[in-house]
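Enquirer: Residue numbers (our numbering), protein chains in the order written: chain A, 113 to 568; chain B, 113 to 568.
Just so you know, not all the hints are guaranteed correct.
It does not matter which identical chain is used: a pair holds within one copy or between any two.
What the hints assert, rightly or not - Below, a list of computed lysine-lysine pairs in the DSBU-like style, where the Cα atoms sit at most 30 Å apart: (1) Lys402 x Lys298; (2) Lys338 x Lys402; (3) Lys117 x Lys133; (4) Lys463 x Lys299; (5) Lys444 x Lys394; (6) Lys298 x Lys394; (7) Lys444 x Lys199; (8) Lys133 x Lys331; (9) Lys147 x Lys133; (10) Lys147 x Lys298; (11) Lys394 x Lys117; (12) Lys147 x Lys299; (13) Lys386 x Lys272; (14) Lys272 x Lys147; (15) Lys133 x Lys482; (16) Lys199 x Lys299; (17) Lys133 x Lys338.
Calculated directly from the structure, the hints in this document are not laboratory data.
2 protein chains.
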Amino acid sequence: MGSRKRVVIIGGGFGGLYAAKALSRADVDVLLLDKTNHHTFQPLLYQVATAGLNPADIATPIRHILRNQDNCTVLMAEVARIDVGEKRLYFAPGYDGDVEVVPYDYLIVATGATHSYFGKAHYARLAPGLKTVDEALLIRQRIFMAYEAAEREPDEQERKALLTFVVVGAGPTGVEMAGALAEIAKKTLVHEFRRIDPSAARILLLEGGPRILATYPEKLSAKAQKSLEGLGVDVRTNTRVTEMDDDGVLIGEERIPTKTIVWAAGVAASAVAKSLGAPLDKAGRVEVTKELSIPGHDEVYVIGDLAAFEHDGQPVPGVAPAAVQSGRHAVKNILASIRGEPRTPFHYVDKGSLATIGRARAVADLHFAKLSGFPAWIAWLLIHILLLIGFKNRFLVLVQWAWAYFFFDRGSRLIHGMVTPKKAEAPALPSSRRPAELAMTSPAGREEASVSAPRN
Amino acid sequence: MGSRKRVVIIGGGFGGLYAAKALSRADVDVLLLDKTNHHTFQPLLYQVATAGLNPADIATPIRHILRNQDNCTVLMAEVARIDVGEKRLYFAPGYDGDVEVVPYDYLIVATGATHSYFGKAHYARLAPGLKTVDEALLIRQRIFMAYEAAEREPDEQERKALLTFVVVGAGPTGVEMAGALAEIAKKTLVHEFRRIDPSAARILLLEGGPRILATYPEKLSAKAQKSLEGLGVDVRTNTRVTEMDDDGVLIGEERIPTKTIVWAAGVAASAVAKSLGAPLDKAGRVEVTKELSIPGHDEVYVIGDLAAFEHDGQPVPGVAPAAVQSGRHAVKNILASIRGEPRTPFHYVDKGSLATIGRARAVADLHFAKLSGFPAWIAWLLIHILLLIGFKNRFLVLVQWAWAYFFFDRGSRLIHGMVTPKKAEAPALPSSRRPAELAMTSPAGREEASVSAPRN
C-alpha cells in the first residue's frame, strides 16, 4: 500500500462528513462511501415530510461539500459487509451489477441508525419513519393523498379514517411531526376543499412512556404537551400500539381507524454493524472502547448514532453534535496512531436540546437557560439555519420559513414519486369495509352522493 | 340537475386552469379533475431534470391556485373514459379502489399531449420524456447516477458509455436539455470527481429533420446550433434513431454506447381522447370544429395540446399560450350557449417563441424582433418568471437562477426516489459486455484498479 495510509469512512451523515473534513490536512488518502449521493440534515426532514421545505433545501451532494478536499474521494456505494480480519470491505452490487472490494488501513463506521419496529416487520410498510429524503417524501405523499382521497370519499366513516393521522413516539421528531400536521389541518389547507373540512382532521400523538420529550426536563415536557394540545393534537402518554394494519392502529382494546401512520418511536443500528463482530447493546449499537474503536481492532472506529457511549453515566443520545464530536475524536486518535502516539478517551460535551411545536413555538434546554414558546422557537430557527450546509440553502430556507410564518403556506405540497396507495399492496378487497359500503360503490348508486359540486 | 349547469374540466394544465378561472364569475358549478394534485409549468421541467430548480418551484397544488373560487371543486382523479352519448365520464379506480361516474352538462377536455415513441413501446423505459414532475425527477436521477457510476467504473469503455448523454429531438425542449447537460458537464461538476473528468462527457443532440428548432426562423436555428456547438454539444441533423437498448442507441449502422437517453421527439394525444369518438389527426389529436367542440356534440370542447387547430393554414404548436387562449374561448362559447346566444370561432394569436441554450444564451422569435444571445436570454428569463404561478415561486426561482448564473451551481443534484438502474429491469447479464470485461470484475482482480484514491 506504500507508506501513505488509507482511511475509509462509511456514511456521509454528520459523523462521517466531519471526520472527512477533520482529515483535510492529513497526509492520508480518504475514501468516503455513502448509499446516497447527499448529506441529509435529518433534524429538518419532518419539514420535507410536511411540505414546508424542499429536499434540496436540507440535503447537499456530499462530493460538492468535499469538492476542494483533494485527498478525499467520494463514492456512492452501499457497503454489504466488513471483514475486520482482512481489513477490507465489500460493496453491495451497484449500478453495473458488480461487487468491489476495498482495503483500508483505518476504518470509521458512521452508518447511523435506522427504525426499529420491535420485531414487527409489517409495520415498516404501514408506518414509515423519518431517516431519509425518500422516507420524508413518502410520508408527504401519504399525508396529502389522504386529504385528496377524503375529498373524493362519499362514506363518512372512511372519510374520518382518512382524516386521522397517527404519530407513534413523542421524542423530538414525533412532537415536531404532530405539531406540523396540526398546522396543515388548521391553517394551510383552509379554503382549499369543498366537501371536507380539513380543520376537522384528528392528529394523535402516542407515547409509550409517561411523558413526551422524555430526555428533556419535566417542566419543558409539560409545556410542550400543553402547546400541542393547544394546537388540537390528541396527546396520549403511557399508550402503546399493540398492532396495526392498512386501516388503523390498535391500542389495547381500542381501534383507531387511520390511513396515515408516522413512526417516530424506536431506532436500531444499521445492519452493517453486525459484520464487525463487535459486541452490540440491546438497541443494536456497537459497544465501543473509550477511544471509540472496537475491542481488538484499534484501527476500526464506530461513531455517531451507531456507537453506544456514555456521558455522566447516561447513554449519549443520537444527535448531530454527538456524531460530529465523536467523528472528530476518531480522527484525532487515528492521526495519533499514525504518529505512534497514544490515543485518548472520548468525552462528550452536551450543548443542550431543542424541539419545535408547530408555528412559532418550541422548547429548548440549553443548560444555561430553559426556554419555551416564541424565544425557544427563535433559538431553534437560528441554530438550525446555521447548521445547514451551504449559504444558498440557508437563505432559501429562511425565505420559505418567513413565507410560511406570515401566510401559513406550505408550498411544497406536491404529490409525486411512485404514488403507492397502501391498498394496492394489500389484498384486493379492503378487509375492514363492511359489505353494505362495498355495495354502495357501484357507479349508479353513488353518483349523486359522490360528485355533486356545492351549490351555493 | 336543476337549472344550474355543471361544467367539468379534465386536466389542470394551462388550458384547463385558465378555463376554470374564466368561469369564476359564471353561475355554474365547475369540477376540475386532474391525475396529479399540481399544475406543472412544463416549459421549465428541463430545469428540474437538470437540477437547476426544485419541483415545487415550478408546480403548485391546483386546489391552492383555485382556493378562492367558490364555484369550483378540484378532485385528484384519473378519467378512464368519456361517454358523450350519456354525458358522463368514468374515473379510473382511485385510492380506495372504487370507480365513480360524473355527469356533466358541458365538458372541456384538456388532458394535453404525451410522448410518442412511434410504435416502439420499449423506448419508453429507456428514454423518458419531459411532461411530468415524475419524469423530470427520473431523468435527473439517471443523469447524476451516470456520473456516480462512472466514478466507480474501472472499465474505460463502460465509463465512456456512462459519460455519453443522448437527447433525441431538437425542438425547444431538446435544445434546452442539451444546453443544460453541457453546462453540468463543463461547469457544475468541475472539481467534484477524482477519477473521471466530467468535462469529457459527450452530449449528442439528434434531430431527424434538416435543422434544429424547426418552427423558428432559419437564422435563429443556425444561431442556436452554433451556440450549442460552442458549448461542446455534438449536434446531428438529418439523423434518426433506428433502435435503442440498455447500452446505447443505433443510428443506421452507427452504434453510440450510452446509458442516458432523453426523449424530446414525438408527442401524441393522451389516451382518453379516443373515447370521445371524434376524428383524430395523425398525431392522435382531436380535430375540433372552429368553435373548439367535437362534431355532433356542441357541449364537448377539446383545447390545448390535445386539440388540432390551424392558424394561417399552419397547425398551432402545443405551447402554453395556445392552451390558455383555447381554454378561454371554450368558456366563452359555453357561456354563450347557456345564454342561448350563437357561438364564435376561435382565432389563435401567436405571440412568438423562445428557447434557451445553456447559461445566458437563448433565441427568441417575438415577431417584432428576433433576438439571440444574452438579450434573448433576459427576455426568456423575465417571461418565464412572470408566467410562473405564485409570487413566492417567482422569487425563489429568481434567487436560484441568480445563484446558478454566478456560481454555475445546480443545488438540487439529489438522487432520490426509487433508484431504478435500468440494468435491474434488464436481463441479469448485460448483453453488450464482452466476456473479457466480465472476467475482470471478480473482486480480487480489480481491487487496486478500482478503489485507489489519488495519491498526490
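Enquirer: Could you run down the list of hints and mark each one as holding or not?
Expert: To see whether the hints hold, each was checked on the structure:
no. : hint            : result
1   : Lys402 x Lys298 : neither (49 Å within a copy, 47 Å between copies)
2   : Lys338 x Lys402 : neither (40 Å within a copy, 64 Å between copies)
3   : Lys117 x Lys133 : within (16 Å within a copy, 66 Å between copies)
4   : Lys463 x Lys299 : neither (34 Å within a copy, 40 Å between copies)
5   : Lys444 x Lys394 : within (29 Å within a copy, 70 Å between copies)
6   : Lys298 x Lys394 : neither (40 Å within a copy, 50 Å between copies)
7   : Lys444 x Lys199 : within (20 Å within a copy, 75 Å between copies)
8   : Lys133 x Lys331 : neither (38 Å within a copy, 52 Å between copies)
9   : Lys147 x Lys133 : within (19 Å within a copy, 46 Å between copies)
10  : Lys147 x Lys298 : between (38 Å within a copy, 26 Å between copies)
11  : Lys394 x Lys117 : neither (34 Å within a copy, 66 Å between copies)
12  : Lys147 x Lys299 : between (37 Å within a copy, 25 Å between copies)
13  : Lys386 x Lys272 : neither (43 Å within a copy, 37 Å between copies)
14  : Lys272 x Lys147 : between (39 Å within a copy, 23 Å between copies)
15  : Lys133 x Lys482 : neither (32 Å within a copy, 51 Å between copies)
16  : Lys199 x Lys299 : neither (55 Å within a copy, 38 Å between copies)
17  : Lys133 x Lys338 : neither (42 Å within a copy, 43 Å between copies)
Hint compliance for this structure: hints 1, 2, 4, 6, 8, 11, 13, 15, 16 and 17 are not met, and every other hint is.
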